Amino acid sequence: MSGFPILSLMLLVPLAAALVCLYLDAKSARVLALAATLANLALGVVLWLNFDVGGAQWQFQESHELFAGFKYALGIDGIALLLIMLSVFLMPVCIGASWKSVEKRVGEYMAAFLLVEMLMIGVFAAQDLFLFYIFFEAGLIPMYLIIGIWGGADRIYASYKFFLYTLLGSVLMLIAMLWMVNVSGTTDIPTLMAYDFDPQAQTWLWLAFFASFAVKMPMWPVHTWLPAAHVQAPTAGSVILAGVLLKMGGYGFIRFSLPMFPEASAQFAPLIWGLSMTAVVVTSLIALVQDDMKKLIAYSSVAHMAIVTVGLFAFNAQGLEGSMLVMLSHGLVSGALFLCVGIIYDRLHTREIARYGGLAINMPRYALFFLLFTMASIGLPGTSGFVGEFLSLAGAYQVSSWVGLISTTSIILGAAYMLYLYRRVVFGPQKNADAAAMPDLDAREILMVVALAIPVLWMGIYPESFMAPMRADIAALEARIARAAPEGDAKPTAGNPKPAHEEVSAHGGAH
Amino acid sequence: MDWSQSLRLIAPEETITVAGLVLLLVAAWGGDKASRLISIVSVATLVAAMALVAPALCGGAMGPETSAFFGQFRADAFASYAKILIYGSAAVTLVLAPSYFERYDSMRAEFPLLVLFATVGMGMMVSAADLLTLYIGLEMMSLSSYVLAAILRSDGRSAEAGLKYFVLGALASGILLFGMSLTYGFAGTTSFAGINASVSEGLSNGALFGIVFMLAGLAFKISAVPFHMWTPDVYEGAPTPVTTFFATAPKVAGLGLIMRVLLDAFGEQAAAWQQIILFVALASIVVGALGAIGQSNIKRLMAYSSINNVGFILVGLATATQAGASGMLIYVTIYVAMSIAGFTAILMLKDENGNYVEDIPKLAGLSRTRPGLALALATVMFSLAGIPPLFGFWGKFVVFQAAVQADMLALAFIGIAASVIGAFYYLKVVKVMYFDEPADVVKGESDIWHKLILVVACAFISPLGYLLTSWLGETANTATTALFAAL
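Protein sequence lines correspond, in order, to chains A and B. Once you know that position 314 of the first sequence is 314 in the numbering used here, the rest is easy, because the numbers rise by one and skip nothing. Once you know that position 210 of the second sequence is 210 in the numbering used here, the rest is easy, because the numbers rise by one and skip nothing.
Don't read these hints as lab results, they were simulated from the structure. Remember, predicted model here, so these are calculated numbers, not experimental data. Be aware that a few hints might be false.
[Stated by the list, open to error] Calculated pairs, PhoX-like style, for lysine-lysine (alpha carbon to alpha carbon, straight line, at most 25 Å):
1) A:K104 - B:K164
2) A:K161 - B:K33
3) B:K33 - A:K104
4) A:K104 - A:K161
5) B:K443 - A:K104
[As the list claims (entries may be wrong)] If you want the ones that stay clear, here's a sample from chain B, every Cβ over 12 Å from chain A, calculated:
6) V95
7) Q322
8) A406
[To be verified] Some chain B residues judged to face chain A by a derived CB distance under 8 Å, without partners named:
9) F400
10) I416
11) S419
12) P438
13) A439
14) F460
15) S470
Cβ coordinates follow ideal geometry from the N, Cα and C atoms, glycine included.
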């Protein structure tokens, strides 16, 4: 496999398909888009099978001197591999989800989605700082169009908010990148990950990157674009937004903020914890009072992303691995939940919770899958949500008991708003005649939810498959940031118990 | 230094001048019927002039052998770079113009001639090595431009634009002349090399005043804040092909001239003018961005956009480094391509009677009725906003890289944050074309030349442009090396 530019091919397939889609009629555009995304999924599988777990840190590297000032350099490690897999896996589902619901300007719609896929893969595979930035920023254009053209009633406001918020964050990052390249003399990301910037400069650089990643993540209080964008985006737009685009913020923290600015990361860890704890409590409570299903899930995304940041800034392997798993799990689960909402939205054309009720009676299959994803979102053991949240919170607990304690309320609050949602939509009496008349899932929909349910259970039952590829990279990252890691307040001594007599004397001293 | 060498160095100017004078006679006897022939010959002349200046750029010409007429004129690689852009823009204008003027039944034989003479003036501006050459070139350009703005005599808006441009332009020329006289008085010479030598010890108050007044006059010519007030009115009122011309060639000439004056004549005293440029750059970015928000005429919008972009280009000048100067040249090249693409697209917006559509709300739903045109206009808008992967991003990238390298981080942060304001109004145009229900006003067909120019310019500002970055960077570096070696 070595030498074959598989990453470039994975960029080229969606790009070529996108350009062709612009000229096709609705039916053939759908087929082509599905074929292209499935082909990319197949390429992704080939990529994963050929990824040498425990081998070199960077694999499938390509590098060409095409541009002035930066290179066309691609390459992946385990972290990037998993996120690329998530992207290519969710894309066919997205195309499937919009198979019937999108009727106007199908060719352009499919082209926009394929472009997003290409840019996502580019973001995760880029090994050059400016190449990364170009992919990172370019995603704004297709997403702006997707929200603005195919969104709901308030789509224009949502699209502006999405675009300008994220643009402001990113341009500040650009200046920081220019400065870094000027000082270090390289644009190569692996080299920069090992470069020690002056701790004082790190503070500013970290803040500039934070401005971008915090908005993309999104972290409280700059999360307000997310509910607006989600509610107005079409189902597939929401799936890709929650499933992959939000992961760019987390990926940015793992790839840039932590390894490049370890000292500044430690310095600002309390800020991250504070914002994350606030986000967990505040956005969960906001989610509790929503009567729009998509808004509720959007706010739950913010809460889940806060668990990611808590884990990342725990500075230990559990926290980092847990964060990665939460990102992967959230990508699948929130994507699935938006899909579930989309399925009933296609039937009744409303997202208002009160308009549904008692769906368990007329849509039993739907109720089953919705329940599975609800439980996965809450973090029930055996589903993907549990593994990641448990690890992140365990990691957080090692550095600060308070952070661990307050962040853990997300599980309780998450259970509250998700079960409350599920009860109102699926259980209870059939209040509305039109909701009671909705047909159960058809073959296309079953295919999509089953496709999402399998990895959710897989990740919950045997997470090793997903942890193995990134273990070495997480270990390397942990070693890199160890020198700045803040000291924990708990000091657990498990596995190293003190001898019994000392215990007694300590007690005696205390009395 | 002999006459034959001097005459050889000004070959492009001679070619255009002689062609212009001969064509003037043709116009005198042939009348407006000969305008087509005159246009074709003019374009051919400009292309020939481009071929004449290209060797100096490719060979990186610099130093004393590029100096003509006893240090009055300099035909080095920098001048060649700017002249290629100027001649190219002028040629594009001449190709775009006939169909527009024929619509109003007023394709005059004078039009191509005025463009030619303005082009000669602009060529002299970027080649100036003496205050006198500077002023002659500038006035030659300006006088032709005033007439061009008002060339649609029957149209009130065009006449108004011409008058406004003339009155304010004359004022600016006066201010510039006053600054030049102060500079001359305190430096004792009009040549850039002499001025540079005399201010290298220190800058007297009088010479400082000279710089300020000269900058005020020059800022007017490139429509930088606070001397930008004429721009929206002139851009809106002038016939669209003329606006295309104003947005491209004189911008290149004005910026080239400012670079010559500040980096050559006052290069030793950068600290004296850096603050001024810094203020002008940031003010242009902010005013250009804020002013555009309320506009509903797309030509006015492009006018504010040009103010905004000049601000970004001046960020490169504020660094006073060679990297900054190269960045300016790269940015201005991309900006010329974006302007040509933008105005060509505007020229293609015609309703079913062939009238030109300039109201932005009338573009509603253009993506459904004319997808190709809408895509081109959206490309221009995103590119002007500097959103990657479009090529407009590269221009911002290089100037801000120069600013960061020169340790001007505050300037970089403020400038780039203000670009987000600018993004807002570019997005508005895209929103109208893509999100709104079709108004179905734009229906007219355009000729093949418009389409060709639009496709070529759009291909340049599309992501394909990045393949040119190495070549563009090297060429700009050659040009600025010559600029910095001029003394």
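Verification of the hints:
{"no.": "1", "hint": "A:K104 - B:K164", "result": "48 Å, violated"}
{"no.": "2", "hint": "A:K161 - B:K33", "result": "55 Å, violated"}
{"no.": "3", "hint": "B:K33 - A:K104", "result": "50 Å, violated"}
{"no.": "4", "hint": "A:K104 - A:K161", "result": "24 Å, holds"}
{"no.": "5", "hint": "B:K443 - A:K104", "result": "22 Å, holds"}
{"no.": "6", "hint": "V95", "result": "28 Å, holds"}
{"no.": "7", "hint": "Q322", "result": "15 Å, holds"}
{"no.": "8", "hint": "A406", "result": "10 Å, violated"}
{"no.": "9", "hint": "F400", "result": "6 Å, holds"}
{"no.": "10", "hint": "I416", "result": "4 Å, holds"}
{"no.": "11", "hint": "S419", "result": "6 Å, holds"}
{"no.": "12", "hint": "P438", "result": "12 Å, violated"}
{"no.": "13", "hint": "A439", "result": "16 Å, violated"}
{"no.": "14", "hint": "F460", "result": "15 Å, violated"}
{"no.": "15", "hint": "S470", "result": "4 Å, holds"}
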